[in-house]
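Construct the complete structure from the given sequences, taking the supplied hints into account.
Protein chains: 2
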Amino acid sequence: MAFCTDREDIYSVCLSAVDRFMKVNNIPYSWIGRLEVASETILDHSKAIKTHLMSLFEASGNTDVEGIDSMNACYAGTNALFNSAAWVESSAWDGRYALVVSADIAEYSAGAARPTGGCGAVVMLVGPNAPLVMERARASHMENAWDFYKPHLHSPYPVVDGKFSNSCYLRSLDICYQRFVQKFAQQQEGGGKPFSVIEDAQHVLFHAPYNKLVQKSFARLLFNEFLSVPGTAENPAFAALKPFAATVREQSYEDVPLEKAAVAVSKQWYAEKVAPGITIPQQLGNMYTASLYAGLMSLIANQGEKLAGKRVLMFSYGSGLASSMFSLRVPEDAAAAKALASIAAKADIPARLEARVSVDPAKFNAWMETREKLHAKQDGAFVLEGPTDAQQYFKGAYFLTERDANGRRKYEQVQ
Amino acid sequence: MAFCTDREDIYSVCLSAVDRFMKVNNIPYSWIGRLEVASETILDHSKAIKTHLMSLFEASGNTDVEGIDSMNACYAGTNALFNSAAWVESSAWDGRYALVVSADIAEYSAGAARPTGGCGAVVMLVGPNAPLVMERARASHMENAWDFYKPHLHSPYPVVDGKFSNSCYLRSLDICYQRFVQKFAQQQEGGGKPFSVIEDAQHVLFHAPYNKLVQKSFARLLFNEFLSVPGTAENPAFAALKPFAATVREQSYEDVPLEKAAVAVSKQWYAEKVAPGITIPQQLGNMYTASLYAGLMSLIANQGEKLAGKRVLMFSYGSGLASSMFSLRVPEDAAAAKALASIAAKADIPARLEARVSVDPAKFNAWMETREKLHAKQDGAFVLEGPTDAQQYFKGAYFLTERDANGRRKYEQVQ
Chain Z
23 MAFCTDREDI
33 YSVCLSAVDR
43 FMKVNNIPYS
53 WIGRLEVASE
63 TILDHSKAIK
73 THLMSLFEAS
83 GNTDVEGIDS
93 MNACYAGTNA
103 LFNSAAWVES
113 SAWDGRYALV
123 VSADIAEYSA
133 GAARPTGGCG
143 AVVMLVGPNA
153 PLVMERARAS
163 HMENAWDFYK
173 PHLHSPYPVV
183 DGKFSNSCYL
193 RSLDICYQRF
203 VQKFAQQQEG
213 GGKPFSVIED
223 AQHVLFHAPY
233 NKLVQKSFAR
243 LLFNEFLSVP
253 GTAENPAFAA
263 LKPFAATVRE
273 QSYEDVPLEK
283 AAVAVSKQWY
293 AEKVAPGITI
303 PQQLGNMYTA
313 SLYAGLMSLI
323 ANQGEKLAGK
333 RVLMFSYGSG
343 LASSMFSLRV
353 PEDAAAAKAL
363 ASIAAKADIP
373 ARLEARVSVD
383 PAKFNAWMET
393 REKLHAKQDG
403 AFVLEGPTDA
413 QQYFKGAYFL
423 TERDANGRRK
433 YEQVQ
Chain L
23 MAFCTDREDI
33 YSVCLSAVDR
43 FMKVNNIPYS
53 WIGRLEVASE
63 TILDHSKAIK
73 THLMSLFEAS
83 GNTDVEGIDS
93 MNACYAGTNA
103 LFNSAAWVES
113 SAWDGRYALV
123 VSADIAEYSA
133 GAARPTGGCG
143 AVVMLVGPNA
153 PLVMERARAS
163 HMENAWDFYK
173 PHLHSPYPVV
183 DGKFSNSCYL
193 RSLDICYQRF
203 VQKFAQQQEG
213 GGKPFSVIED
223 AQHVLFHAPY
233 NKLVQKSFAR
243 LLFNEFLSVP
253 GTAENPAFAA
263 LKPFAATVRE
273 QSYEDVPLEK
283 AAVAVSKQWY
293 AEKVAPGITI
303 PQQLGNMYTA
313 SLYAGLMSLI
323 ANQGEKLAGK
333 RVLMFSYGSG
343 LASSMFSLRV
353 PEDAAAAKAL
363 ASIAAKADIP
373 ARLEARVSVD
383 PAKFNAWMET
393 REKLHAKQDG
403 AFVLEGPTDA
413 QQYFKGAYFL
423 TERDANGRRK
433 YEQVQ
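Just so you know, the sequences run in chain order Z and L. Using my numbering, read the first sequence as starting at 23 and increasing by one per residue. Using my numbering, read the second sequence as starting at 23 and increasing by one per residue.
Hints were generated in silico from the structure; no laboratory data involved. Here a beta-carbon is modelled for each residue, glycine too, at the ideal position from N, C-alpha and C. Check the hints yourself; a few may be wrong.
Unchecked claim - For each label pair, taking beta carbons as the anchor points, the in silico distance ranges come out as:
| id | chain 1 | residue 1 | chain 2 | residue 2 | range |
| --- | --- | --- | --- | --- | --- |
| 1 | L | GLU157 | Z | LYS282 | 54 to 64 angstroms |
| 2 | Z | ASN151 | L | ASP116 | 17 to 27 angstroms |
| 3 | Z | PHE416 | L | VAL436 | 55 to 65 angstroms |
| 4 | Z | ALA373 | L | SER218 | 54 to 64 angstroms |
| 5 | L | LYS234 | Z | TRP53 | 45 to 55 angstroms |
| 6 | Z | LYS395 | L | GLU221 | 54 to 64 angstroms |
| 7 | L | GLU157 | Z | ARG374 | 20 to 30 angstroms |
| 8 | L | GLU272 | Z | VAL381 | 39 to 49 angstroms |
| 9 | Z | GLY253 | L | GLY117 | 28 to 38 angstroms |
And the structure:
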């Protein structure tokens with residue numbers, strides 16, 4: 023899992039990610055007409071993370087950049103993506119690109135949950151003629167739930183009811199799936215045959231707080247397919263689910279024998295459809311808003327041009343709760359294949375994962391304590407202890423040089 | 023100004039506002055396909071205010087409601103409105119309405135700034151065939167500024183550099199105005215004549231932290247018109263601005279003689295164009311995200327059907343900073359006139375302002391202290407002291423009955 027010392031915060035993480043993205047893709051800041059940030063790493067109750075990123079635009083003179091921050095747990099990246107795509111389709115669109123930044127530093131109090139933290143940021147460019155196309159069918163489920171939330175404002179740590187949160191996640195998956203299938207059919211000319219995960223989704227990505235939930239979720243999708251899609255119940259590959267044919271969905275979120283049977287049934291498809299999209303979340307840990315899109319980046323890094331013509335089914339979940347299921351389609355042409363290969367090459371994922379420095383758990387815990395204290399600090403400037411030497415950072419990364427008594431922050435970029 | 027005891031919080035304020043809106047307008051919850059909340063009153067670092075409002079949807083069974091919370095100081099309502107309007111124009115639109123809720127409780131530490139607080143919520147329904155139409159020209163200015171922000175997470179109060187924030191506001195107004203004028207001209211077939219506030223905007227609304235800034239801002243707009251619109255400099259009504267013809271915009275934000283001259287010049291138009299849009303902000307105080315839209319509600323309450331055929335110029339500002347200028351147009355037809363008269367009647371502003379109960383400053387200060395302590399509270403349930411008897415609330419208002427040690431909140435509705 024990734025973590026930060028006191029020299030990195032949500033602003034430096036976003037500055038590092040956007041600066042790198044714009045440089046490796048050689049995009050002038052003047053091309054950006056909208057910039058949205060999605061995060062639940064809140065260090066200010068008023069000033070958006072997006073405003074910090076406007077520093078990067080200064081040299082270009084372009085300050086006519088719509089969009090601010092979206093917030094609801096791990097879901098906000100999907101909200102920002104939907105907003106930016108709608109902007110491109112709207113009469114307000116001025117022909118420029120939108121930039122969506124999903125980033126979080128996920129931290130937990132000392133104990134069993136601490137290793138489920140992580141850190142990551144994903145930058146997405148939204149515009150016409152993209153190699154990943156948002157399809158029309160999309161379904162949401164939103165609800166007032168207290169499964170995971172952060173009411174203790176002095177603390178960076180959430181209040182979590184883990185078991186309940188898993189149920190909320192799987193229940194939302196069920197509801198979104200049923201609505202998605204219905205909407206997908208409505209979009210098909212003349213009705214068409216029902217949506218099948220096995221036949222119609224070459225890849226499936228989930229919000230990934232930890233990988234076991236991804237396995238369970240994919241299994242749950244196939245259980246839904248078993249219950250809903252005509253013919254599936256007769257498919258010998260689904261035989262192990264037969265004893266659960268009469269199961270009431272709403273009462274089965276903690277049904278362990280069902281879960282085990284579904285995971286077993288799903289195994290033959292998991293390797294092909296799910297595994298290529300879990301590399302980064304497995305390496306960096308939970309990234310909250312960035313998790314699902316780090317899955318997408320993993321898929322592109324692993325499959326590149328092989329994705330041409332494929333459909334990717336996406337499930338986004340944020341506690342509290344907000345959830346959506348939607349799909350991306352890669353056009354079946356050489357331009358899309360080439361574009362995805364180029365994204366994979368520029369993102370340079372294997373080398374960047376390899377270049378990380380490992381730190382032993384005791385040191386990590388000490389940094390968590392330092393960060394916890396700074397989060398709660400009420401007066402005075404921060405005394406920062408983290409590294410300032412360039413070798414501790416990726417080239418081009420930003421780190422915090424000052425957080426004064428008035429809460430203002432300053433950064434330096436590693437040259 | 024309006025304020026809250028410990029029995030009301032940002033969630034209860036939004037619950038009260040949305041429930042009332044849906045009831046007086048007789049709108050079924052199933053008609054809503056998107057719900058966004060804009061606020062900088064942050065009581066949770068993960069769970070969106072929007073999720074609390076999903077409780078109101080429960081009986082309808084409609085949980086397929088996109089959208090979450092937007093955040094950047096007083097600007098977020100404009101962001102949410104832009105998002106919802108774009109959704110209605112996008113291929114993702116499913117024919118239902120969007121609901122935008124802008125709400126804040128603005129509080130300041132004891133001292134000179136405390137009386138500049140306030141509280142308010144505005145609910146907007148976004149859909150086709152509306153009596154207020156968003157026009158295409160819109161211009162933004164976004165920047166990384168530390169003029170007003172809330173880095174002290176244990177406190178409900180902001181850090182404010184008042185003088186600098188005023189400069190940021192007026193500078194943003196200048197930049198947005200110049201861009202808006204340019205874009206407006208581009209939208210006109212065959213070029214058209216330059217946009218003139220005096221001739222083309224029958225009403226002008228500003229984000230209104232306090233009314234003196236509204237006066238200064240309108241004066242500043244006319245100073246811009248004096249500098250930019252051909253013929254204005256020769257208009258005798260602008261004679262008092264002649265000595266400032268060579269003024270450099272960027273150096274004049276604290277130029278008191280210029281400000282005085284511009285306010286004097288603007289007076290003859292202020293009563294007609296600006297005054298009808300300040301009623302609610304003047305009565306309730308600063309409402310942060312709700313301020314500009316409470317101005318719009320004031321205008322509708324005061325002008326109603328007289329707005330048919332009129333254009334309203336809007337300036338939205340949120341510290342940190344984000345700002346936009348855009349315009350709304352009321353169609354010149356009987357249906358729009360009737361719809362606005364109906365909105366005015368249902369909002370029932372004069373009677374609701376009249377029905378408020380006044381509280382003396384010492385009691386208000388005591389509540390501020392209580393609320394400050396609860397905001398900083400780290401452990402245990404809240405002990406609530408505010409009123410629970412129905413007579414202390416508007417009928418249908420929600421109030422807090424419990425905030426447990428885990429941070430979960432429960433509400434009751436006044437019958």
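Verification of the supplied hints:
1. Restraint check, GLU157 (chain L) to LYS282 (chain Z): a C-beta distance of roughly 59 angstroms satisfies the suggested window 54 to 64 angstroms.
2. Evaluation of the 17 to 27 angstroms hint for ASN151 (chain Z) and ASP116 (chain L) yields a pass: the beta carbon distance comes to about 25 angstroms.
3. For the hinted restraint 55 to 65 angstroms between PHE416 (chain Z) and VAL436 (chain L), the CB-CB distance of approximately 56 angstroms keeps it satisfied.
4. At about 58 angstroms, the CB distance of ALA373 (chain Z) to SER218 (chain L) agrees with the hint of 54 to 64 angstroms.
5. For the hinted restraint 45 to 55 angstroms between LYS234 (chain L) and TRP53 (chain Z), the CB-CB distance of approximately 40 angstroms leaves it violated.
6. For the pair LYS395 (chain Z) and GLU221 (chain L), the beta carbons lie near 59 angstroms from each other, so the given range of 54 to 64 angstroms is met.
7. Restraint check, GLU157 (chain L) to ARG374 (chain Z): a C-beta distance of roughly 46 angstroms breaks the suggested window 20 to 30 angstroms.
8. At roughly 48 angstroms, the beta-carbon separation of GLU272 (chain L) and VAL381 (chain Z) lies within the given 39 to 49 angstroms, and the hint holds.
9. The supplied range of 28 to 38 angstroms is met by GLY253 (chain Z) and GLY117 (chain L), whose beta-carbon atoms lie about 32 angstroms from each other.
Going down the numbered hints, you'll see the structure goes against 5 and 7, while the others check out.
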